[in-house]
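Turn these sequences into a full structure, and let the hints steer you where they fit.
Residues 1 to 939 (the numbering used here) make up the sequence shown, in order.
Careful: at least some of the hints might be erroneous.
Once the Cα atoms are required to be at most 25 Å apart in a straight line, the calculated BS3-like pairs of lysine-lysine come out as [said to hold, decoys possible]:
#1 K361 with K894
#2 K854 with K355
#3 K794 with K108
#4 K897 with K361
What the hints contain is simulated information worked out from the structure, not anything from laboratory work.
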Amino acid sequence: MGLPGGVKGTLGVWRELLPSLWRLALVLFWISGATEAQTAADTKPTVYVWQTGPWGRCMGSECGPGGSQSRAVWCAHSEGWTTLHTNCDQAERPENQQSCFRVCDWHKDLYDWQLGAWNQCLPVSMRSTGALLRPALCTRGEEGIQTREVGCVQKADGVPAEDAAICEYFEPKPRLEQACLIPCPRDCVVSQFTPWTSCSKTCGMGLQNRVRFVLAPPLFGGSACPNLTEFQTCQPSPCMGPESLYSLRVGSWGPCSVPLPRTARQAPTLTHGKDVAVPRQLRKGREGKEGKEGSEVPTPRLSKEERRKRKEERKEGRKGRQAAKEGRRKNKERVKEKVRERARARGRVKDPETKELIKNKRNRNRQNRQGGKFWDLQVGYQTREVTCVHRGGNADALSLCSQESLPVTYQACVLTKDCEVSDWTDWSPCSKDCYELNGPTGERTRTRRVHQFPVGGGDECPELEEKEPCTPQGEGVPPCIAYNWKTTEWTECRVDMLLSQQDRRRGNLTGLCGGGIQNHEVYCVQATSTDPASSALNSKEASRPVDGDLCLSPPPNTTQLCHIPCPVECDVSSWSAWGPCTFENCLDTAAKKGFKLRKRRIVNEPTGGTGSCPHLVEAIPCDEPSCYDWLLVKLEECVPDNERECGPGTQIPQVQCVNSDGEYVDRQLCRDAVLPMPVVCEVPCPKDCVLSPWTSWSLCSNTCSGKNTEGRQMRARSVLAYNAGEGGIQCPNSSALQEVRSCNDHPCTVYHWQTGPWGQCIEDTSVPSANSTGARVGVGGGDSSCSVGMQTRKVICVRVNVGQVPPKKCPESIRPETVRPCLLPCKRDCIVTPYSDWSACPATCKAGGNTKRKQNRKRIIIQLSANGGQDCPEVLTQERDCEAPSVCLGYRWKTHKWRRCQLVPWSVRQDSPGAVETCGPGLQARGEQQHFACTSYSI
Numbered sequence: 001m002g003l004p005g006g007v008k009g010t011l012g013v014w015r016e017l018l019p020s021l022w023r024l025a026l027v028l029f030w031i032s033g034a035t036e037a038q039t040a041a042d043t044k045p046t047v048y049v050w051q052t053g054p055w056g057r058c059m060g061s062e063c064g065p066g067g068s069q070s071r072a073v074w075c076a077h078s079e080g081w082t083t084l085h086t087n088c089d090q091a092e093r094p095e096n097q098q099s100c101f102r103v104c105d106w107h108k109d110l111y112d113w114q115l116g117a118w119n120q121c122l123p124v125s126m127r128s129t130g131a132l133l134r135p136a137l138c139t140r141g142e143e144g145i146q147t148r149e150v151g152c153v154q155k156a157d158g159v160p161a162e163d164a165a166i167c168e169y170f171e172p173k174p175r176l177e178q179a180c181l182i183p184c185p186r187d188c189v190v191s192q193f194t195p196w197t198s199c200s201k202t203c204g205m206g207l208q209n210r211v212r213f214v215l216a217p218p219l220f221g222g223s224a225c226p227n228l229t230e231f232q233t234c235q236p237s238p239c240m241g242p243e244s245l246y247s248l249r250v251g252s253w254g255p256c257s258v259p260l261p262r263t264a265r266q267a268p269t270l271t272h273g274k275d276v277a278v279p280r281q282l283r284k285g286r287e288g289k290e291g292k293e294g295s296e297v298p299t300p301r302l303s304k305e306e307r308r309k310r311k312e313e314r315k316e317g318r319k320g321r322q323a324a325k326e327g328r329r330k331n332k333e334r335v336k337e338k339v340r341e342r343a344r345a346r347g348r349v350k351d352p353e354t355k356e357l358i359k360n361k362r363n364r365n366r367q368n369r370q371g372g373k374f375w376d377l378q379v380g381y382q383t384r385e386v387t388c389v390h391r392g393g394n395a396d397a398l399s400l401c402s403q404e405s406l407p408v409t410y411q412a413c414v415l416t417k418d419c420e421v422s423d424w425t426d427w428s429p430c431s432k433d434c435y436e437l438n439g440p441t442g443e444r445t446r447t448r449r450v451h452q453f454p455v456g457g458g459d460e461c462p463e464l465e466e467k468e469p470c471t472p473q474g475e476g477v478p479p480c481i482a483y484n485w486k487t488t489e490w491t492e493c494r495v496d497m498l499l500s501q502q503d504r505r506r507g508n509l510t511g512l513c514g515g516g517i518q519n520h521e522v523y524c525v526q527a528t529s530t531d532p533a534s535s536a537l538n539s540k541e542a543s544r545p546v547d548g549d550l551c552l553s554p555p556p557n558t559t560q561l562c563h564i565p566c567p568v569e570c571d572v573s574s575w576s577a578w579g580p581c582t583f584e585n586c587l588d589t590a591a592k593k594g595f596k597l598r599k600r601r602i603v604n605e606p607t608g609g610t611g612s613c614p615h616l617v618e619a620i621p622c623d624e625p626s627c628y629d630w631l632l633v634k635l636e637e638c639v640p641d642n643e644r645e646c647g648p649g650t651q652i653p654q655v656q657c658v659n660s661d662g663e664y665v666d667r668q669l670c671r672d673a674v675l676p677m678p679v680v681c682e683v684p685c686p687k688d689c690v691l692s693p694w695t696s697w698s699l700c701s702n703t704c705s706g707k708n709t710e711g712r713q714m715r716a717r718s719v720l721a722y723n724a725g726e727g728g729i730q731c732p733n734s735s736a737l738q739e740v741r742s743c744n745d746h747p748c749t750v751y752h753w754q755t756g757p758w759g760q761c762i763e764d765t766s767v768p769s770a771n772s773t774g775a776r777v778g779v780g781g782g783d784s785s786c787s788v789g790m791q792t793r794k795v796i797c798v799r800v801n802v803g804q805v806p807p808k809k810c811p812e813s814i815r816p817e818t819v820r821p822c823l824l825p826c827k828r829d830c831i832v833t834p835y836s837d838w839s840a841c842p843a844t845c846k847a848g849g850n851t852k853r854k855q856n857r858k859r860i861i862i863q864l865s866a867n868g869g870q871d872c873p874e875v876l877t878q879e880r881d882c883e884a885p886s887v888c889l890g891y892r893w894k895t896h897k898w899r900r901c902q903l904v905p906w907s908v909r910q911d912s913p914g915a916v917e918t919c920g921p922g923l924q925a926r927g928e929q930q931h932f933a934c935t936s937y938s939i
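Put into structure tokens, the structure is as follows:
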């Protein structure tokens with residue numbers, strides 16, 4: 001029996017329109033979602049930023065520069081939580097490693113803070129605005145700040161340290177600023193002008209001036225002082241004489257010249273068969289006489305008084321010459337006496353060692369003499385021209401200018417000599433005596449010596465040493481020993497190092513989790529060789545730490561990022577519906593004891609295993625248990641009764657036989673179970689009210705039923721189409737569109753097994769023990785399992801809302817295990833490297849202190865002890881005094897006697913006013929010698 005035509009048409013229209021409407025709705029929903037996503041992407045601010053932790057400890061094999069330090073770098077959300085690195089901009093990622101200076105205790109004697117002087121006190125307002133704003137009226141001053149320079153320097157020479165952290169390691173950095181008070185500005189105070197001075201000239205145009213003095217200088221930004229001197233012109237009277245017409249013109253000094261020998265300076269004249277030095281004035285007279293042929297120079301006639309004066313002068317001259325002769329004779333006698341005394345002293349010296357010392361001293365003195373081996377010093381003279389110039393620009397006689405301020409026209413000087421060096425020596429042997437294909441090259445040098453040091457501003461000496469790289473050649477050159485880096489175990493992951501000081505004070509740090517850092521130590525060792533000839537090198541020597549400079553490759557990172565999983569709470573699903581009443585043991589149905597079970601599952605695994613999760617199975621006792629039951633799979637289509645096309649009908653259920661665990665089994669096992677009955681249904685006729693199918697039953701409102709509680713379930717259906725006219729069945733009222741039924745009508749007597757935490761893993765005495773140090777696997781790796789142990793826990797039966805009850809109340813079939821096997825970790829002994837070689841004693845001494853020089857050696861922990869293994873030693877470094885402490889050599893300048901004063905030649909200076917042949921300004925030289933160093937001369 002079919003549906004009426006009108007209903008079929010309506011349904012057909014709906015079947016055609018519904019897919020189209022659904023597709024249209026989906027398209028509109030997708031467009032709306034895409035638009036919102038694009039808008040959110042366009043307006044999304046930058047919420048991920050790079051965060052850095054503090055720089056770690058400077059690590060390195062040796063003290064000083066060459067160390068390295070690392071820090072953690074992670075990506076964080078603006079709200080503070082850590083996220084993946086890919087969320088941040090990789091181009092802006094900060095560096096996580098840098099070079100550093102590894103500070104040791106003995107650096108305290110080499111470095112210290114250098115404090116500069118406090119700068120000028122500046123107003124606080126000037127620091128904030130950049131402009132000096134002073135109040136209109138100052139009464140008590142102004143608050144200010146003054147700064148100073150503070151730097152970490154070497155104590156010996158004041159050279160700045162490589163890193164200020166060296167000094168901060170021993171002492172905090174001194175403050176750079178301090179408060180100060182700026183007094184009110186004080187303007188400059190000056191006196192009244194003095195009267196005008198007299199005119200600088202007695203005739204013609206001159207100058208006169210007057211001055212005033214500073215009584216109080218300006219302070220604290222007060223007004224500067226005004227001009228203290230004023231000038232004005234003056235003219236007492238017009239000049240009548242020639243004095244003001246001439247002025248002196250002084251030329252520049254000429255080149256330094258060598259004085260001529262005395263014989264070359266004298267003009268020889270024959271007098272009684274002898275060459276005598278003719279005075280310059282007489283030579284000029286004779287030359288003038290000889291130049292004028294036939295002319296005679298009349299001899300002036302002297303008066304009686306002049307003759308008497310000349311006679312007395314000649315007598316005084318004879319006395320002076322006799323006295324000088326006597327003095328020279330006495331000097332010769334004294335010199336001869338000294339020579340004889342030295343000869344007698346030499347005759348008394350019999351000790352060969354003393355003779356050698358005297359000989360060496362004489363050789364040194366001879367080298368240090370003026371004009372010695374390295375210092376050819378020669379004193380000369382230089383002159384300059386002084387002329388009297390008329391104001392018209394023409395030179396005139398010097399006597400026309402004032403003789404009172406006549407400058408010196410000559411002076412002694414040192415002749416200029418350039419540096420002279422020898423030829424290069426042969427190249428020295430190569431500093432590297434082994435062959436390495438890709439390793440660094442060696443170095444060889446050659447030198448040259450100084451023959452003449454520069455004097456008098458001569459050219460400086462060139463480089464005296466030259467170096468070039470080299471590689472040893474030849475068949476007998478052995479290969480170089482290779483070195484590589486080794487690392488210790490990583491330390492535990494630490495999160496507290498990335499926290500700020502405020503976070504550290506906030507509370508307990510034992511439960512920290514998330515991103516952290518861990519570090520390990522890096523050290524250099526000699527690489528093991530695969531050559532059979534080098535098999536004598538045992539593993540102990542191969543792990544001995546050596547100088548880090550021997551490892552040529554970059555050292556590995558000493559820190560790395562790590563992650564401590566945060567505690568995860570156990571998350572379970574909702575309870576399932578109560579299952580059928582089943583036997584506790586389907587193999588033993590005689591007990592007639594049955595339970596209904598409901599279960600839940602773990603949605604999120606907790607930290608440390610499932611032991612912290614709540615119970616997952618609950619049970620209630622029930623009557624008439626059965627191990628097998630029919631499961632309704634689905635209902636077939638509604639078939640109208642009596643082969644009609646519409647009207648009341650039935651739905652045949654499709655069922656499957658299942659066991660208590662919900663598994664499909666053979667249908668024969670459900671022969672004793674009640675088969676589900678067909679369901680009454682109705683197929684709508686034309687013009688009838690059309691209803692939707694019933695929804696599924698809702699969850700039961702209570703898990704059990706008691707005096708005050710009763711479980712209820714509900715289902716509903718809705719009207720799809722109302723009746724279409726006469727003859728059609730009317731739609732039911734709203735109450736008929738819902739159904740309610742009872743559920744979980746069993747009493748509230750719910751039982752479950754409750755488990756305690758697993759105990760410690762203990763050794764199982766029934767299994768042979770292999771837990772020994774020698775049985776460990778992979779030394780230096782993770783914890784290795786050596787034997788099987790045993791763990792136990794407590795399991796009790798609990799009634800909900802009551803407490804512990806006897807175990808028979810709970811189903812024995814689902815009782816959790818109380819004993820389980822476990823793995824015992826191996827005992828791990830501490831492993832340390834052998835001691836390194838003793839560090840070298842200082843090759844050079846450090847002045848200022850009698851402290852003993854030390855040398856040290858160390859060993860490194862490469863594996864910490866664990867699980868009861870042998871502990872690590874407490875002493876990892878050893879120190880001892882150097883066997884031969886270096887002696888600081890003292891240096892001082894040793895000066896020799898001043899040599900004879902060398903004057904400008906008399907022939908040059910004899911016409912100068914007041915010049916005397918045997919005295920006057922000159923130059924004298926002496927040798928200077930620095931013990932244990934170089935020798936030089938000063939003038």
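Consistency of the hints with the structure:
1. K361 with K894: Cα-Cα ~13 Å, so holds.
2. K854 with K355: 41 Å, violated
3. K794 with K108: Violated, at about 62 Å.
4. K897 with K361: Holds. K897 to K361 sits at ~15 Å (cutoff 25 Å).
The earlier numbered hints that this structure contradicts are 2 and 3.
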